[in-house]
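2 protein chains.
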Amino acid sequence: MSSAQALLAKVEELVGADLQEVEQIFHTELKSWHPYVADVAAHSARFRGKRLRPTLLLLTAAAAGKLTHDHKVLGAVIEMIHTATLVHDDVLDESDIRRHVATVNARWNNETSILFGDYLFTHAFHLASELESTFACRLIGRATNLVCEGELAQIHERGNLDLTEETYFKIIEGKTAELCAVACQLGAHFACSDPNIVESLTEYGRCLGIAFQIADDLLDLQGSEEQTGKSLGTDLQKQKLTLPIIHLLQQASPEDAAQIRELLANPQPDTSAKLEEFFEQYDVLNYVLGRASEYTALARKQLECLPDSPARRILEEFTEFVTQRAF
Amino acid sequence: MSSAQALLAKVEELVGADLQEVEQIFHTELKSWHPYVADVAAHSARFRGKRLRPTLLLLTAAAAGKLTHDHKVLGAVIEMIHTATLVHDDVLDESDIRRHVATVNARWNNETSILFGDYLFTHAFHLASELESTFACRLIGRATNLVCEGELAQIHERGNLDLTEETYFKIIEGKTAELCAVACQLGAHFACSDPNIVESLTEYGRCLGIAFQIADDLLDLQGSEEQTGKSLGTDLQKQKLTLPIIHLLQQASPEDAAQIRELLANPQPDTSAKLEEFFEQYDVLNYVLGRASEYTALARKQLECLPDSPARRILEEFTEFVTQRAF
Chain A
3 MSSAQALLAK
13 VEELVGADLQ
23 EVEQIFHTEL
33 KSWHPYVADV
43 AAHSARFRGK
53 RLRPTLLLLT
63 AAAAGKLTHD
73 HKVLGAVIEM
83 IHTATLVHDD
93 VLDESDIRRH
103 VATVNARWNN
113 ETSILFGDYL
123 FTHAFHLASE
133 LESTFACRLI
143 GRATNLVCEG
153 ELAQIHERGN
163 LDLTEETYFK
173 IIEGKTAELC
183 AVACQLGAHF
193 ACSDPNIVES
203 LTEYGRCLGI
213 AFQIADDLLD
223 LQGSEEQTGK
233 SLGTDLQKQK
243 LTLPIIHLLQ
253 QASPEDAAQI
263 RELLANPQPD
273 TSAKLEEFFE
283 QYDVLNYVLG
293 RASEYTALAR
303 KQLECLPDSP
313 ARRILEEFTE
323 FVTQRAF
Chain B
3 MSSAQALLAK
13 VEELVGADLQ
23 EVEQIFHTEL
33 KSWHPYVADV
43 AAHSARFRGK
53 RLRPTLLLLT
63 AAAAGKLTHD
73 HKVLGAVIEM
83 IHTATLVHDD
93 VLDESDIRRH
103 VATVNARWNN
113 ETSILFGDYL
123 FTHAFHLASE
133 LESTFACRLI
143 GRATNLVCEG
153 ELAQIHERGN
163 LDLTEETYFK
173 IIEGKTAELC
183 AVACQLGAHF
193 ACSDPNIVES
203 LTEYGRCLGI
213 AFQIADDLLD
223 LQGSEEQTGK
233 SLGTDLQKQK
243 LTLPIIHLLQ
253 QASPEDAAQI
263 RELLANPQPD
273 TSAKLEEFFE
283 QYDVLNYVLG
293 RASEYTALAR
303 KQLECLPDSP
313 ARRILEEFTE
323 FVTQRAF
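Just so you know, the sequences run in chain order A and B. For the first sequence, the working numbering assigns the number 3 to the initial residue and increments by one for each residue that follows. For the second sequence, the working numbering assigns the number 3 to the initial residue and increments by one for each residue that follows.
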């Protein structure tokens with residue numbers, strides 16, 4: 003058993019039954035009178051991943067205090083919003099596979115993807131309003147606003163070969179880190195009343211999310227579709243600049259930079275392979291992993307305010323595995 | 003001044019200032035750090051219509067009791083959700099113009115439309131959670147679930163030349179009438195405590211919405227783009243069967259029906275013109291307007307529980323104008 007599998011086994015042991023309940027709530031919420039909608043919903047369940055966000059929500063709850071039914075409802079809400087963004091992303095990226103399964107756009111069509119994504123968004127908010135107060139609705143509303151804004155900014159910056167690291171980080175903070183942050187914030191808030199712990203765990207989620215996205219962007223450049231089970235190379239094709247490329251362009255000699263820009267401006271199936279030697283020459287991989295490590299170290303630091311517990315230990319281990327994409 | 007303009011003048015006089023506040027809340031909620039997002043938001047304000055849904059919300063509030071600040075917030079929420087569905091509809095229908103202005107997909111691209119629609123949905127729910135209780139969030143969540151489900155069902159039935167009237171009505175109840183119903187429900191609920199009045203006004207909104215959609219579908223077949231300021235004929239192109247076509251196929255002789263099916267199966271720019279003589283032959287227009295009138299009569303009946311007031315009188319006039327598409 004690999005260490006990643008061992009970590010997943012610990013998660014399963016600690017919150018496996020709660021995650022099952024999250025799944026149950028998720029599916030009950032999406033029931034539909036129309037067989038077609040039911041079909042699409044059932045299909046989408048097949049390409050969802052290892053439920054990182056609800057897992058974070060449940061573990062932060064357990065680490066900060068007491069895990070309640072509200073946490074499970076909120077876990078389903080966050081997973082639903084995440085799934086909505088995946089379904090819409092697959093249209094934007096024209097992706098055909100995700101987790102070894104056909105995407106909604108590939109299996110049906112773009113129209114169905116757009117509407118089914120909307121259906122997931124509205125059901126997520128409907129489910130969140132089951133809670134007694136509007137607190138969760140407000141936090142989730144705010145976080146998803148930032149997710150959409152980050153995604154819109156990313157679309158706008160497509161083809162901008164002068165994208166700065168600063169804007170890159172602002173974009174991924176919105177499109178990825180915000181949902182991880184709010185998952186941890188909700189986990190902590192509904193489990194304990196100490197605002198310092200809630201704040202630290204929110205920050206933990208944000209830093210973990212940033213490291214996760216850096217690793218994801220690296221994977222899109224250098225991973226294999228067979229191994230990851232999803233369409234890759236879409237960032238280059240869509241001219242979305244990510245950290246490795248931004249750093250490479252910063253470091254490269256003027257001659258190399260000109261050549262790299264030429265490659266980026268006319269993306270071909272072998273563009274990634276052609277960039278490989280530049281990555282090695284300028285030691286890009288080390289730099290990128292170093293930046294991700296800064297964030298995982300920051301994430302780890304946030305956990306210091308918590309008493310020792312199995313949940314806290316798993317959250318700590320997450321910071322080691324997130325850049326290896328055990329999730 | 004036409005009678006439609008006279009009606010709009012009455013609306014303006016009674017709730018014009020409140021509608022201005024709704025606009026203000028709408029724009030404040032959509033403020034963004036990113037200039038691109040701000041641009042798209044500003045542009046989308048230009049193709050929004052006569053604000054039927056917030057107007058219904060404010061008028062039902064005034065007719066049922068007291069119009070409060072919450073009503074204005076909710077008016078902005080409902081208008082935001084409606085705008086989100088328009089922005090996504092324009093991608094689905096590949097429409098280029100709306101209210102004489104370029105659609106988001108035409109001005110920018112489909113990706114921006116998808117994400118900006120999402121941005122509107124999430125902001126709507128964020129704004130709704132400003133209210134004290136989760137009641138509005140829950141109602142709006144439920145209504146938007148049904149809107150999406152109706153739209154998904156419609157996509158699924160595309161190309162189905164055997165679509166029944168029953169399914170047609172189920173689809174438009176979801177995709178259009180539900181949002182009008184919830185606008186009136188919220189207007190009434192936050193203005194008075196009589197459940198009978200709330201129920202009647204909800205039903206008023208639903209019936210008005212159905213009549214409105216029937217008229218809209220007729221317009222898509224027979225209207226002029228110049229007059230309506232939006233892309234038309236998309237239902238035929240996308241093989242979405244609407245009431246005129248469904249009725250025509252039911253009434254036509256087997257020979258005519260075969261010919262009509264042939265026309266529908268291979269939509270061309272002149273399909274609408276070719277169907278015209280069949281519409282006349284089978285008196286389709288009268289039937290369709292008759293069905294719409296049934297719903298406007300039902301809507302009018304719901305108002306009987308209310309005391310006389312300027313707001314109630316306008317709501318009553320709406321039932322006469324909705325099929326003439328003053329809105």
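Wrong hints could be hidden among the right ones.
Intra- or inter-copy, both count: the list cannot distinguish identical chains.
Stated by the list, open to error - Distance condition first, Cα-Cα at most 20 Å in a straight line; then the derived SDA-like pairs of lysine to any residue: (1) Lys303 - Ala267; (2) Lys172 - Arg293; (3) Lys276 - Asp310; (4) Lys68 - Val13; (5) Lys52 - Glu167; (6) Lys240 - Asn112; (7) Lys68 - Leu165.
Source of the hints: derived by calculation from the structure; they are not laboratory data.
Going through the hints against the structure:
1. Lys303 - Ala267: Neither way: Lys303 and Ala267 sit 40 Å apart in one copy and 64 Å across, limit 20 Å.
2. Lys172 - Arg293: For Lys172 and Arg293, the Cα distance is within 20 Å only inside one copy (14 Å; across copies 53 Å).
3. Lys276 - Asp310: This pair counts as neither: shortest intra-copy Cα distance 48 Å, inter-copy 76 Å.
4. Lys68 - Val13: Classified as within; 16 Å inside a copy, 53 Å across copies.
5. Lys52 - Glu167: neither (29 Å within a copy, 43 Å between copies)
6. Lys240 - Asn112: both (18 Å within a copy, 14 Å between copies)
7. Lys68 - Leu165: neither (44 Å within a copy, 52 Å between copies)
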